[in-house]
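Trainee: Read off the chains here:
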Amino acid sequence: MSAAPAPDLFRSERIRRRRAVNLIVELLATGAALLAVGVLVIVVGSVAKRGAGALNWDFFTKTPDFAALPGQPTGAANAIVGTLVIVGLAVLMALPVGILTAIYLNELAPRRVANVLTLALDVLNGIPAIVLGIFVFVLFVNGHGQAAWKASFALAVLMLPLVARATQEVLALVPDSFREASLALGAAKWRTTLSVVLPQTVGGIVTGATLATARIAGETAPLLFTSSLAGNAVGHDPREPLSSLPLFIFTSAEQADPKLHEQAWAAALVLIGFVLLASLIARAFAARSRRRLTGEL
Amino acid sequence: MRGLLQSKMKSRLAAATGLLVAISAVAAFGVGGAQAGSARSSAGEINGAGATFPAPLIAVWQQRYKAVRGVEVNYNAIGSGGGISAITNKTVDFGASDAPLSPDQFSACNGCVQLPWVLSATSVMYNMPLKNNVHMTGPILADIYLGKIKKWNDARIKRINPGVSIPDQEITVVYRSDGSGTTYNFTSYLNTVSREWKSRVGRGTTVNWPTGVGARGSSGVSGVISRTPGAIGYADIAYALKNKLKFFSMQNRAGRFTRPGLVGIRAASLADRKFSPTNELSIVNPPPGKRFLKAYPICTYSYVLLRIQSSKAALLKPFVTWALTAGQQFGPSLVFQPVPAYVVARGKATLRKVHS
Amino acid sequence: MSVASRSATGPAAFKRRGRFRGGDALLYVVTLAAALCGLVLLGLVTRELITEAWPAMHKFGLHFLTTQAWDPNKKLFGAGTFIFGTALTSFGALLLATPISIAIALFLTELAPRGVRSAVGVLVDMLAAVPSVVLGLWGILVLGPFIVNTLGPALHGTLGWLPIFSTKPSVGSNVFAAILILTIMIVPIISSICRELFLGVPQELKDGALALGATRWEVARGVTFPYARAGIAAAVILGLGRAVGEAIAVTQVIGNAVAIHGSLFLPGDTLASRIASQYIGADTKLQVESLVYLAVILLVFSLVANVLAQIIVRRVASRHRAA
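Residue numbers (the working numbering), protein chains in the order written: chain A, 1 to 297; chain B, 1 to 356; chain C, 1 to 323.
I should point out that these hints are in silico values taken from the structure, not numbers from a laboratory. This structure is a prediction, so every number in the text was calculated from the model and none was measured. Be aware that one or more of the hints could be misleading.
[Stated by the list, open to error] Heads up, simulated DSS-like pairs for lysine-lysine below, C-alpha to C-alpha not over 25 Å straight-line: (1) K317(B) <-> K274(B); (2) K74(C) <-> K198(B); (3) K259(A) <-> K242(B); (4) K74(C) <-> K59(C); (5) K168(C) <-> K151(B); (6) K246(B) <-> K317(B); (7) K348(B) <-> K90(B); (8) K206(C) <-> K74(C); (9) K150(B) <-> K168(C); (10) K148(B) <-> K168(C); (11) K131(B) <-> K242(B); (12) K259(A) <-> K244(B); (13) K150(B) <-> K90(B); (14) K148(B) <-> K74(C); (15) K259(A) <-> K274(B); (16) K66(B) <-> K348(B); (17) K75(C) <-> K285(C); (18) K285(C) <-> K90(B); (19) K244(B) <-> K294(B); (20) K198(B) <-> K168(C); (21) K198(B) <-> K75(C).
Full structure from sequences and hints, please.
Mentor: Here's what the structure looks like:
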């Protein structure tokens, strides 16, 4: 070895350059995160600011009227009730099927079959909502008429992979010791699944279902083809097309009347409010139930 | 073990509470909505969809007819194309279209009839710091929509507007992106004033627009124009008035510059009084002549589309009859010219074919 | 997977003894039927769409993909301009979203202090929860005017020599607005997947690099990214799939013009957006069939993209399990 002086590890040129690069990258990363948060604040802020003004009692109780005189109050009552009915029905359709699917895939299926079916579900998840809308139109609506339950069916198809996957994840978290203990005590597989395993997962299922519901409550494309020709009056009958908040926003946004724009913002505020609230509650619930479940180990 | 049971009960309780809240919310909104909003009619309900062109008048009919007969008429303004496909797909009881059905569409509809029930004009609107009713001719308008004239202060536009100082502004062409009977009317007109338009683009509810930006519905077009300086677009005159947009005075074949008002529409309607076998009347660009001096060149009838065999025939026939007769009185304030007597007669005759 | 269901003797033998066979069989059949729904739906969707689009597919063949016209009068339809528009908007959005998402994921896994981490993470996830129609509403009434009045002239003034900014935006409905909206939509998707990936990088590898004196960026570049490389690719593919399939928000802001322009400040159209804007009003059979043909193209693309992403994810998962 030569007798060169030891390199100064803290102040050499190379180190300085590398540290500078690191600092720049850290600033960029922070900036990116701030950008994302900033955009969220801007978007939600716009909706809140412009929508809060039009969010009054009339909005929730009155219905739209194209020939409304300037002073006449109008609202989106039919859209709000319609969304509740359509989304409610979709949850009723998708939840049982999703839970049963997850039970099969996680508890009963041979590995190969489970892989294929899981792949099918994941691929189904990636199909664009508009393609599913056309599918339901061709299958149910063409020649027969629109109906709210057909819209619910389309939304249920969208929800199914989400519910199934969420339930699967929670089922996998249940320790095998529970199953083994139950089986060792002489219970049949179905008894074990329904009375021992499933109750552990209720929290996770509620979480997954809530997130999935929040996700489909804002979907517009399937509604375009299945429940867009609804009347102005408030209705509950799923056999008829019902109005809905996403479609209300969609059509009001492109009108020229500023009053309709205000109502679109108000409807967006209601929709966002529900979606964000549901997501936050679901996440808080999920964190707590996951901690409880893994803690029990 | 006790901890397990407690948490199990807690989650069950949470789920049950959530369900209860959801059910009561639906119930509350449903009951409250039904009482506060317009209650569902007990006398019956008919559903229609179609053109945005007659929508302002149909909206008034919805109110008035409910007050008179108690029947609820639902109408969704999704465009003429939507109305044609909805009545063909049997998703509505009646359709509305400014574009008459073609033979192919009649055969696809399989048992439909059409009859004119509304008469008005398509205004060509613009957003410029100019006075209202600036002069415009068909050939220039066609060249604008072909993309050949790009600026407001083009020499040709200035020549027909002597004394008007036009700023240097780019023209933004706006058209209907959805299947539109107003497009059919507008392009029919352009077909008659521009050979290049006729061969390159043609007429229809949807065409291959050479330039410009699309918007959905007459209301959407009005919206884009009101937001975009320099924009030009077309929609029923009722929308221009409602949104306080300026519109051109178009030059008719007699050489006069006329406005889309009741006078101009009435004169134009004289251009065609002979029904085609399918009740079609075409009053676009009336010929020169004393009778048509005041005619506005872009007028059209709008048609109601019905199935010959319909379960709602008992409700539809009185409604359409009322619309053709008593309903017309609500038109003039929205610049819908009441349809002539021969149109009413033809409509009633056609309605007799409809049965349940 | 439950070990108990695998054992050859024990519970399985117990099952065979007969008393509870009915219940087990019932559970098996019911859940199998439910699980098959996914597969059946997939097949149904494919079959119904292809059947509906078949006349147009037969008439135009694969030529449809390159034809640029969309002319109901001349009975000539083609997906060319929409495939271009879809590619332009999706890749534009990916170009913007991928670095931002990776940066956000890095921030949330490496750089941020613990408290900030969860708060910002929740906020970024909330961006994914905003419905697309609300983003479209915001795009029409807020972003559009902003592009026309401020952002557009600024970009055109400074970077106008680039073909993509070569015209000044005259109307708020244009391709640029669509790209920005799509970027906002796919950033949460890519960043949440990347976050999980980066958290899954074995700590020993990162510690080793740090011990050798690497800066945090060098750890990311040398350890995290190579390790998560395939997963990032899957995340990008999933984001691409989302961007390609988005119909509502895009159709609200893109201007619905059948044209291929160089400039982003002009209107255009994508596959999904054209279906959304024209399907309701399509009044001729050929137009309806051509629109369903567009949907078939979308379906094929999303199937391929999703299967690809899932294959990558599974291969990465097995490799990491083996490692």
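Trainee: Look at each hint and say if it fits the structure.
Mentor: Right, here's what the structure says about each hint:
| no. | hint | verdict |
| --- | --- | --- |
| 1 | K317(B) <-> K274(B) | 24 Å, holds |
| 2 | K74(C) <-> K198(B) | 12 Å, holds |
| 3 | K259(A) <-> K242(B) | 13 Å, holds |
| 4 | K74(C) <-> K59(C) | 14 Å, holds |
| 5 | K168(C) <-> K151(B) | 14 Å, holds |
| 6 | K246(B) <-> K317(B) | 38 Å, violated |
| 7 | K348(B) <-> K90(B) | 23 Å, holds |
| 8 | K206(C) <-> K74(C) | 63 Å, violated |
| 9 | K150(B) <-> K168(C) | 14 Å, holds |
| 10 | K148(B) <-> K168(C) | 19 Å, holds |
| 11 | K131(B) <-> K242(B) | 17 Å, holds |
| 12 | K259(A) <-> K244(B) | 15 Å, holds |
| 13 | K150(B) <-> K90(B) | 44 Å, violated |
| 14 | K148(B) <-> K74(C) | 22 Å, holds |
| 15 | K259(A) <-> K274(B) | 43 Å, violated |
| 16 | K66(B) <-> K348(B) | 21 Å, holds |
| 17 | K75(C) <-> K285(C) | 10 Å, holds |
| 18 | K285(C) <-> K90(B) | 15 Å, holds |
| 19 | K244(B) <-> K294(B) | 24 Å, holds |
| 20 | K198(B) <-> K168(C) | 31 Å, violated |
| 21 | K198(B) <-> K75(C) | 15 Å, holds |
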